[in-house]
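**Q** The primary structure of each chain is shown beneath.
2 protein chains.
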Amino acid sequence: MASLFKHLRVHQIFGANTDVGKTILTTALVLASASRKTAVHYLKPISTGPLEEADDHHVKRYGRHEGSLISAECLFRYKEPVSPHLAAKLSSGDELNIPSDETFINAIANRIRRCAANIREPAHMYIETAGGIHSPTLSGTTQVDCYRPLFLPTILVGDSKLGGISTTIASYEALLLRGYIIDAIILFRDHYYRNWEYLNPYFLERGVELFVVDPPPPILPDPSKNFTITKSYYQSIISSEEEDGMSAIMNHLDTRHKNRLNELESMPRRTLDTIWWPFVQHGSIQKEENVTVIDSAHSDFFSVTRQNTLHDKLVNENVLAPEFDGSASWWTQTFGHAHPALTLAAARASGRYGHVMFPEHIHLPALKLAERLVHDGPGKGWASRAFFSDNGSTGMEVALKMALRAFSLRHKYELEGRKKKELGVLGLKGSYHGDTIGAMDACEEGVYTCEWHNARGYWFEPPTVGIRDGDVIISIPPALSGSTRGHDTKAESLSWVYDIEARLCSPLALMYGSFIQQTMGKLEQGGPKLAALVLEPLVMGAGGMIFVDPLFQRVLIDVVRGRRSGPSSEWSGLPVIFDEVFVGLQRIGMESTSALLGVYPDISVNAKVLTGGLIPLAVTLASHSIFQAFFTGNKADALLHGHSYTAHPIGCEVANETLSLIDKVTASKNWKAAQAKWDRPDGSLGKVWSLWDPTFVTELSKLERVDEVMTMGCVLSIHLKDASAGYSSNSARALLEPLKRCMDIGPELSSAPGGAPFGIHFRTLGNVAYFMTSLNTSPSVISSVEDRIWEAITE
Amino acid sequence: MASLFKHLRVHQIFGANTDVGKTILTTALVLASASRKTAVHYLKPISTGPLEEADDHHVKRYGRHEGSLISAECLFRYKEPVSPHLAAKLSSGDELNIPSDETFINAIANRIRRCAANIREPAHMYIETAGGIHSPTLSGTTQVDCYRPLFLPTILVGDSKLGGISTTIASYEALLLRGYIIDAIILFRDHYYRNWEYLNPYFLERGVELFVVDPPPPILPDPSKNFTITKSYYQSIISSEEEDGMSAIMNHLDTRHKNRLNELESMPRRTLDTIWWPFVQHGSIQKEENVTVIDSAHSDFFSVTRQNTLHDKLVNENVLAPEFDGSASWWTQTFGHAHPALTLAAARASGRYGHVMFPEHIHLPALKLAERLVHDGPGKGWASRAFFSDNGSTGMEVALKMALRAFSLRHKYELEGRKKKELGVLGLKGSYHGDTIGAMDACEEGVYTCEWHNARGYWFEPPTVGIRDGDVIISIPPALSGSTRGHDTKAESLSWVYDIEARLCSPLALMYGSFIQQTMGKLEQGGPKLAALVLEPLVMGAGGMIFVDPLFQRVLIDVVRGRRSGPSSEWSGLPVIFDEVFVGLQRIGMESTSALLGVYPDISVNAKVLTGGLIPLAVTLASHSIFQAFFTGNKADALLHGHSYTAHPIGCEVANETLSLIDKVTASKNWKAAQAKWDRPDGSLGKVWSLWDPTFVTELSKLERVDEVMTMGCVLSIHLKDASAGYSSNSARALLEPLKRCMDIGPELSSAPGGAPFGIHFRTLGNVAYFMTSLNTSPSVISSVEDRIWEAITE
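These protein sequences, in sequence, are chains A and B. The numbers in the working numbering rise by one with no breaks, and the one at position 561 of the first sequence is 561. The numbers in the working numbering rise by one with no breaks, and the one at position 787 of the second sequence is 787.
Some clues are possibly wrong.
No copy labels: a pair is met if it fits in one copy or bridges any two.
With a straight-line Cα cutoff of 20 Å, these simulated EDC-like cross-link-like pairs (lysine to aspartate or glutamate) come out [said to hold, decoys possible]:
no., residue 1, residue 2
1, Lys368, Asp273
2, Lys702, Glu791
3, Lys225, Glu52
4, Lys635, Glu288
5, Lys421, Glu444
6, Lys529, Glu461
7, Lys421, Glu445
8, Lys421, Glu451
9, Lys740, Glu360
10, Lys672, Glu795
11, Lys380, Asp273
12, Lys635, Glu451
13, Lys368, Glu288
Because the hints were derived from the structure by calculation, they are not lab data.
Let's have the full structure, built from the sequences with the hints guiding it.
**A** Okay, structure coming up:
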């Protein structure tokens, strides 16, 4: 992916427009490097038009006298003098023969790697793009987007002509939108338009250095005279000692290269000195090598520094390596990192509103998002209102406040004085609803809870689902099974387990029902007064990737409501809260769990995927009957909870874009293909499915060290055998440690962009390792991650 | 500010570059409008170059046959054929004579208003910009930024030539970064480069419609022949019925105009049907007129719809009006809305990282922010670590967890079992630390608290500071004064009140000290076991803009610590938490309150201003001795609190940009001038100061209806006389209701961008009205808001 070598300084050259002097200035850079006795490689990935006019020939011609210091090459050459995407089309005759972005990027990455491998002294490399920054490349992707996985430091050749101020700034902004490091802007000194006079302070204010170079002489008709004057032009600008001339540019680029390396090298130490990470025992993470420095990220990969290449003398190796984001950055990533559509969505909302006041006000991004979520999203069929906050935890606190109020109001005569404060919730053991103290109080006491924790409620130990030794097993806990060791039931298939309607009349359902009723009867005698049923439907994530038998959750809801569930405008029994922060919005292959469970909640919470993995935003959806509990004429009865950035337009706009992109991804070929693999034996669509391969999952479950495996949608969870299970266990982390290393794969290309060997970042929960893809992770990437997991566990 | 009229459809025309056919296509638009018998006004705000070649002359020449339907004009004309900023410079001779952006924008807004006022039938207006989108306008600001306050619907003329794909897309993105509504992109049909074939699907995917128009014939040397062929060219493209020709463009622009009006009209109803606002009693806000629709925002103003212009037949009036954001959008706005530097900061972090994993990882934006905050920001002198979360409330929960752990660990032998759960905090009555339940538990029970609230601690009623009848008064509450009615002390000046070191040996300080010691002695006998001192230094915002006597807070800290405060590496007595979410980062004119109070906290929290008013992010800073309480070899001892988007790169990068911009604003002339107004009588710098005028504040405090006034930095707080004070009181809201109306100011221009009359959005806390500016609100805007407040209260 990203390329950075200690000894090879690489720059890509973008143009603010076509015909701004990119080739002249790149040649000048090449010659300037060579004049310092630095070996320099010029790469023109794509050349179109007549061979004798090609840019690499220009470089070779004028660099001839430098002998072996200069090498120049072109990777894809087309003789048609048109835009690369047209040239590729014309010459291939068949769209299928056009090199893909992946092939294109791999070819460039490969050239950089080979070039770096073969040098003994510091060297330079210049990669000249074609046309303007947004000119389409071979596949049709525009260049700024296509080159992005390589994340090369950038030189922008500005436009010195009329209109050039505008095109230069617009190009600079397009580069910024892709996060590029812009090391320099270079411009010809046009004495009529004098664009540099304007652009110099403009970019200085923005921290980017601008250099001005004398323009080349007019082209002469006589080729040999032309050669002579052009050659002497190059000599004059290279030898110029002006403070913004070629010599200054060389020094500047060298400094920028060195500074970047130094900064990357310094980051682990500085991090250990200043940062307080969440969920990290700093006492165990004290070495610089324990800090992963993320220099940039793209698609499903971080680009991280390999600290040994910085410290050691490995000057020919890439300082940066791809690292697969195997936790989807704590369950947030939806379409991979730095997705341009999300960046543009954020930018347009920021440009139109920034943030604006929300109470008693409205803006389009929030209104559209609320309508979409309520009427045509997870709230479809039951929700009436959307309430925005900042994260899953605050979303759940809002949900709890809603439920507590609704319950208290209906039972106001029984709940005088302190009794309201003693209300509790009904839930499942292993629940986790976020880190704020109120959300924590809706869960049992445990390792995550703090001094103020007050476990308010009662939690059932639920039956769970998993794949063990190739079989789908429902594990019934002791209390439910009536035996001290619990009881396992083999199920026909995953699809069977999740076909709840079919199981509702099964003996197991009856057993669940009577157990729940008995327990609740006892609770009414002496337990806490319950005010809400709070569930993470199907999967309890932070509790250890516990896949609950969905039948148990369904029966629980039915019992609590005192009826077989169905649409109703009034909540009954207890308000039911679905915490879908983790499972919602297609993370486990469905928009909401309601359809599968066959019941609607009264309140639900979404976050994480909601903003496609970019920024914090949460929504609490509520039914009309919940909303009514706050609807009076008295200001103090309102829901008095709201954070400063409530419904911030950037978050809402990014969420709207995310929901549109989700619609596309769920209709994509990759999804259909993955779903097909999980079809029932009779060929009908399974109730649940996964982006992970069914055979891989089954075989994994048969391994000696593996206790149980489970998967749905993007999630793969592996419970390892470990006597001392629990959060403090390090067994999963220790066993899978090899995944973090970049595997040497020889001359083969990996499935990471650029083809370099990659490491895998993953998170564990005690003895549980889990892996999570984005919604659009490519099958080839998933397949190579599967291979690596297999190797790590079987080794 | 923004312009939108029912009967006048206005578009601004931007070019992807200079010489892309902007004038030709704008003329075609004018002629197409006229051909439909629609009156049309063409405006060229700036024209440079020879008069006879001016664009408005071109329009007039070819529009002559349409008679009175077409009018054309130019506002600023310069004969030099160079970029506007150079032309203005050359012709003015003096930089001071160059029209400012404000003058320029007001002139255009004025023309639009007049044009709209004079029509009887629906009409069109086209405003043609100069050069490319980023070409500098008169003052040197680039056009996309300069025109932004008008927020006009935009037509982008694409570039049909070689390189035009790139310049067109880059221009589109630059427009998006400013949030413009792009109604159409128009392009010439160049049959050689065929850019439209690429751009059409590209923009279709992004929801923007592209139209292709035949190019004009080549210019002939003979003027009369040239006129004839050009005229027939215009006639042919206007009468063309091609599906993307001029006729289709007209229909499309009409539809977009109509849809926008309809959408704005529908928004209040839809909002009332779907949105659940925080802190709003929906039972009291049921009318559409109660919903303020924010169409866009810029600097300190929202652009809101005037619903009567939408419903009624007020077709000649602007549908949009500026509304001064008088609550700084719930205390978040720092440099006004939609600040381009913040948008670009968000965009570049999004482009480089998106969001990435934080625990055990690091990225530059987070590291730089942490270092800046700890070493050279509010943590300077005492903090060692930065912990990131999402908002002030979660930041405070983290702070509480830190303090509870540190205290519990030091007192572990006294705190067996349940005692840890009963720990409380020491604070002040009126405190507010955010809406999550744990943060609420650090405050007294009140209107904001929910069923689960558990007031954990003890809260002193503090003495307060305010300006009453022109005098600075310290109000001592009953318990402290020993009398049942409390006691007021007149202070020499505000500067005297905040000169804490000088007051430390005063009798009042001794009285505070002995009262605090006595009370704490009693608490030790029977009160809750206290584990932390939690303060909002200087001002308690949500509690009702209570300005606490700073001496009391200082003495309280000293007593709790058992010593005169000073830098110490170990916390003593109780960990001291400063909740600076509201007061920090220059909101009240200082980076942190530590310098003024003369003490450092052990833990502090910042949010709101931290991200310049764009997106949620909070930081909890902690001293080394607090950090050490979590530093062991045991994973379970770590601070187990972290939200999914912890330290999200966009938030951190925007915060870094914000801190840089704050450095500029605090050194600005406007700040120096405001500070000078608050100098002490002897001319020395006051300890506290305000952006609000001291005379205005003093006079306000003398008004009949006003009980007390107080101000610091951006904040102005007005306590109104009201027997039934408290959160449920509506007195402030009712009295100041007239501020919401747009005041008719006749032919005068207001200080809002564009000069239109503006309303004022403000928030109240019961009988307290407060007003808050951005850090960079202009003196003229503040002054007109002061006038409006004066009128409202004196009327």
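**Q** Are the hints correct? Go through all of them and say.
**A** Hint-by-hint comparison with the structure:
Within a single copy, Lys368 and Asp273 get their C-alpha atoms only as close as 44 Å, which misses the 20 Å cut-off; across copies the closest is 12 Å, which meets it. In the homo-oligomer, the alpha carbons of Lys702 and Glu791 lie at most 20 Å apart inside one protomer (14 Å), although the nearest pairing across protomers, at 80 Å, exceeds that limit. When the C-alpha separation of Lys225 and Glu52 is checked against a cutoff of 20 Å, the pair qualifies only within one copy, where the shortest distance is 17 Å, while the shortest distance between copies is 43 Å. Proximity of Lys635 to Glu288 under the C-alpha cut-off of 20 Å is restricted to the inter-copy arrangement: shortest distance 19 Å between copies versus 54 Å within a copy.
Taking the shortest alpha-carbon separations for Lys421 and Glu444, both the intra-copy value of 17 Å and the inter-copy value of 14 Å come in at or below 20 Å. In this homomeric assembly, Lys529 and Glu461 come within 20 Å of each other (Cα to Cα) only inside a single copy, at 19 Å, whereas the closest approach across copies is 35 Å. Proximity of Lys421 and Glu445 under a CA criterion of 20 Å is satisfied in both settings, with 18 Å inside one chain copy and 12 Å between copies. In the homo-oligomer, the alpha carbons of Lys421 and Glu451 lie at most 20 Å apart both inside one protomer (18 Å) and across protomers (5 Å), since each shortest distance falls under that limit.
In the homo-oligomer, the alpha carbons of Lys740 and Glu360 lie at most 20 Å apart only across protomers (13 Å), although the nearest pairing inside one protomer, at 50 Å, exceeds that limit. Taking the shortest alpha-carbon separations for Lys672 and Glu795, neither the intra-copy value of 33 Å nor the inter-copy value of 69 Å comes in at or below 20 Å. Only between protomers do Lys380 and Asp273 lie at most 20 Å apart by alpha-carbon distance; the minimum there is 14 Å, versus 49 Å within a single protomer. Proximity of Lys635 to Glu451 under the C-alpha cut-off of 20 Å is restricted to the inter-copy arrangement: shortest distance 17 Å between copies versus 34 Å within a copy.
Taking the shortest alpha-carbon separations for Lys368 and Glu288, only the inter-copy value of 17 Å comes in at or below 20 Å, while the best intra-copy value is 46 Å.
Of the numbered hints given earlier, the model fails hint 10 alone.
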